[in-house]
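So the sequence shown is residues 1 to 130, counted in the numbering used here.
Source of the hints: derived by calculation from the structure; they are not laboratory data. Keep in mind the model is a prediction, meaning the values are calculated, not measured. One or more hints might be untrue.
[Claimed, not checked] Below, a list of computed lysine-lysine pairs in the DSSO-like style, where the Cα atoms sit at most 27 Å apart: (1) K87 with K74; (2) K36 with K74; (3) K14 with K36; (4) K26 with K14; (5) K85 with K74; (6) K26 with K36; (7) K26 with K74; (8) K14 with K91; (9) K74 with K14; (10) K91 with K74.
[What the hints assert, rightly or not] Across the chosen pairs, the derived CB separations fall in these ranges: (11) R32 with N117: 46 to 56 Å; (12) G94 with N117: 15 to 25 Å; (13) T6 with K87: 23 to 33 Å; (14) L35 with C115: 51 to 61 Å; (15) V18 with G94: 21 to 31 Å; (16) F8 with R126: 24 to 34 Å; (17) A30 with K74: 17 to 27 Å; (18) I3 with L96: 25 to 35 Å; (19) V21 with E73: 17 to 27 Å; (20) N117 with K74: 34 to 44 Å; (21) C69 with R126: 34 to 44 Å; (22) D108 with A34: 52 to 62 Å.
Built from N, CA and C at the ideal position, the CB exists for glycine as well.
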Amino acid sequence: MIIFVTAFDRYAVKAFDVGAVDYVLKPLDANRVALKVERARSRKFKNNSDISAPDDISLERIDELSEHCEILEKLSNRVRTRSMKDKLGIKDAGVLNVLAFADIDWIDAAGDYMCVNAVGRTHILRSTMK
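Please construct the entire structure, taking both the sequences and the accompanying hints into account.
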């Protein structure tokens, strides 16, 4: 069972699409998380009445897991930032193309449109780069 924990509410629908049983927004409140965990457990053990429920998760453990989530989120942001610092993302016809700066041959600009020519293809950027 998955309880999705994040600082972003925009992932709620996706969380339930992948099978989350609940969704918690940061900043975390230990009592709220404990309630969500208990609710998930009761659902699980209601469906599996022959299995006994484990001891309740402690608030200290929830705090510890919350700290781990925050650390993982910070590391994820670092990796994402580092991996994109030499690249340009261009959404063209609904598809995100990621181009290394080194692969860009030239850029033509006209108003709010730009044509980024790279590796024998032209990618159209339909907005300003502000």
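Taking the hints in turn, this is what the structure says about them:
no. : hint                      : in the structure
1   : K87 with K74              : 21 Å, holds
2   : K36 with K74              : 24 Å, holds
3   : K14 with K36              : 18 Å, holds
4   : K26 with K14              : 17 Å, holds
5   : K85 with K74              : 17 Å, holds
6   : K26 with K36              : 14 Å, holds
7   : K26 with K74              : 14 Å, holds
8   : K14 with K91              : 21 Å, holds
9   : K74 with K14              : 21 Å, holds
10  : K91 with K74              : 26 Å, holds
11  : R32 with N117: 46 to 56 Å : 52 Å, holds
12  : G94 with N117: 15 to 25 Å : 20 Å, holds
13  : T6 with K87: 23 to 33 Å   : 25 Å, holds
14  : L35 with C115: 51 to 61 Å : 54 Å, holds
15  : V18 with G94: 21 to 31 Å  : 22 Å, holds
16  : F8 with R126: 24 to 34 Å  : 26 Å, holds
17  : A30 with K74: 17 to 27 Å  : 20 Å, holds
18  : I3 with L96: 25 to 35 Å   : 29 Å, holds
19  : V21 with E73: 17 to 27 Å  : 21 Å, holds
20  : N117 with K74: 34 to 44 Å : 37 Å, holds
21  : C69 with R126: 34 to 44 Å : 36 Å, holds
22  : D108 with A34: 52 to 62 Å : 57 Å, holds
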